[in-house]
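Protein chains: 2
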Amino acid sequence: MIIIGERINGMFRDIAKAIREKDPAPVQEWARKQEEMGAGYLDINVGPAVSDRVDAMRWLVEVTQEASKLPLCLDSTDYDAIEAGLEVCKRPAMINSVPAIQEKMDRVFTLAGKYDAEVIGLAMSEEGIPKDSDSRIALAMELVANCDAYGVPVQNLYIDPLVLPCNVGQDHGPEVFETLRQVKLMADPPPKTTVGLSNISQGTKNRELINRTFAVMAMACGLDSAIADACDEELIAAVATARIILNMDIYCDGYVDVFKNQNK
Amino acid sequence: MIIIGERINGMFRDIAKAIREKDPAPVQEWARKQEEMGAGYLDINVGPAVSDRVDAMRWLVEVTQEASKLPLCLDSTDYDAIEAGLEVCKRPAMINSVPAIQEKMDRVFTLAGKYDAEVIGLAMSEEGIPKDSDSRIALAMELVANCDAYGVPVQNLYIDPLVLPCNVGQDHGPEVFETLRQVKLMADPPPKTTVGLSNISQGTKNRELINRTFAVMAMACGLDSAIADACDEELIAAVATARIILNMDIYCDGYVDVFKNQNK
Chain A
15 MIIIGERING MFRDIAKAIR EKDPAPVQEW ARKQEEMGAG YLDINVGPAV
65 SDRVDAMRWL VEVTQEASKL PLCLDSTDYD AIEAGLEVCK RPAMINSVPA
115 IQEKMDRVFT LAGKYDAEVI GLAMSEEGIP KDSDSRIALA MELVANCDAY
165 GVPVQNLYID PLVLPCNVGQ DHGPEVFETL RQVKLMADPP PKTTVGLSNI
215 SQGTKNRELI NRTFAVMAMA CGLDSAIADA CDEELIAAVA TARIILNMDI
265 YCDGYVDVFK NQNK
Chain B
15 MIIIGERING MFRDIAKAIR EKDPAPVQEW ARKQEEMGAG YLDINVGPAV
65 SDRVDAMRWL VEVTQEASKL PLCLDSTDYD AIEAGLEVCK RPAMINSVPA
115 IQEKMDRVFT LAGKYDAEVI GLAMSEEGIP KDSDSRIALA MELVANCDAY
165 GVPVQNLYID PLVLPCNVGQ DHGPEVFETL RQVKLMADPP PKTTVGLSNI
215 SQGTKNRELI NRTFAVMAMA CGLDSAIADA CDEELIAAVA TARIILNMDI
265 YCDGYVDVFK NQNK
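If you read the protein sequences in the order shown, they are chains A and B. Each number in the working numbering comes from the position in the first sequence (counting from 1) with 14 added on. Each number in the working numbering comes from the position in the second sequence (counting from 1) with 14 added on.
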């Protein structure tokens, strides 16, 4: 499973301040730290408080790339900001994200084709997030069909079944797992899968315990990646262990350390 | 998920000594401790070094029942010892275990019918443990058919897909998960499922991390119970969290403590 490091996000105060003051240091420090911990991608989100999202995204992408060679996951609902980021990306990036809404899919899959980008597709429509797995799977199918129609390889599409906090949307948990299982049977090769991991524990106690438990359970159902805290050592250890159990990495006594250092 | 507490087992020195000296204190202390931690059953195994297994099993069952009201899981390959234990059990017990070998199934399902006992059925035959899930599932089907033929309710049968240490039988992990998934689709109501949890980490480093990671991944695939260390607090917390995520218990901020105290 690949961790998409969540920390370069204007939702966090230090990053919001860095963007405001055009100070690359905090951004680059988090870029390096997440890469050291084994992140496979870095999520880049300018946050909610920025006045010029296009400019902020371009700047964030540029300063992050000075510190890390990891591919970036450009995270915004503003597709002009996404495109501004894609224009300056040195390596193929990931677009985070597009719902199963036609005009948005048209824009995003066109961008993906033009910039050779991967895409996170959300199992939601104009009506919001459905509860049952069948409806989520139907939306995933729409995303796959549109991805294919725009000539974007289906294995470059990451379906996000959308995780709700377990203290308010507890009945969604088993539906998310069933959606993951079904997505992996959807095409050959199948789309990949992802989740915004910390959503499962929003507003709960025991957040890290819930995050890492959910992560490895979802891996057993076909989860390929997660936007998550790459610096949560217990999460990283749990994921490394799940990879061993799923026979994705060869067992060795030091597998946890090997995993942490894989990108060093 | 139900924890079958593994600690009353002659494989452990203190229990072997207690059996030898007919000293009920260590046995009863472990019975109480495991019940306090939330175990749902207590496994009772006289161990390998005992001269008279029938006598030892009868004594272990009797002294355990003086300390705990939990149902017992009588664990032996010696079915005379199992029957001696069943004769003195005050509550319906579980027989641990029977492989898919005809003469053994004949004996065990006859006992189960006579004593209203549940049965753990192992996905193995005379030829040993198969690797692929299809062969494990075929053996599970044989166990279900025999269970049914002897009039034992299928939901009283616990299929154990058989877990191998991840450092030597790493390729078995995904097969075990697939077997669990298929077993839950096998009949309506389906058989239950169980594993000997600590097998996954036999001879490895990071044993507790591997045990608890495997446990919650297996729960996402349909694991109902496990013979495990009921006093491993991090395992208990992980299982409680997985139950919340699977919507089996209602979320509350103190769910970990609630789970630990459920049998108090």
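The set of hints was computed from the structure by calculation and includes no laboratory data. Small disclaimer: the values here were computed from a predicted structure and weren't measured. Heads up, some of the hints might be wrong.
As the list claims (entries may be wrong) - With a Cα cut of at most 25 Å, we get these calculated PhoX-like pairs of lysine-lysine:
id : chain 1 : residue 1 : chain 2 : residue 2
1  : A       : Lys145    : B       : Lys198
2  : B       : Lys206    : B       : Lys219
3  : A       : Lys198    : B       : Lys128
4  : A       : Lys198    : B       : Lys198
These are the hints, each one checked on the structure:
| no. | hint | in the structure |
| --- | --- | --- |
| 1 | A/Lys145 / B/Lys198 | holds (23 Å) |
| 2 | B/Lys206 / B/Lys219 | violated (30 Å) |
| 3 | A/Lys198 / B/Lys128 | violated (46 Å) |
| 4 | A/Lys198 / B/Lys198 | holds (20 Å) |
Hint compliance for this structure: hints 2, 3 are not met, and every other hint is.
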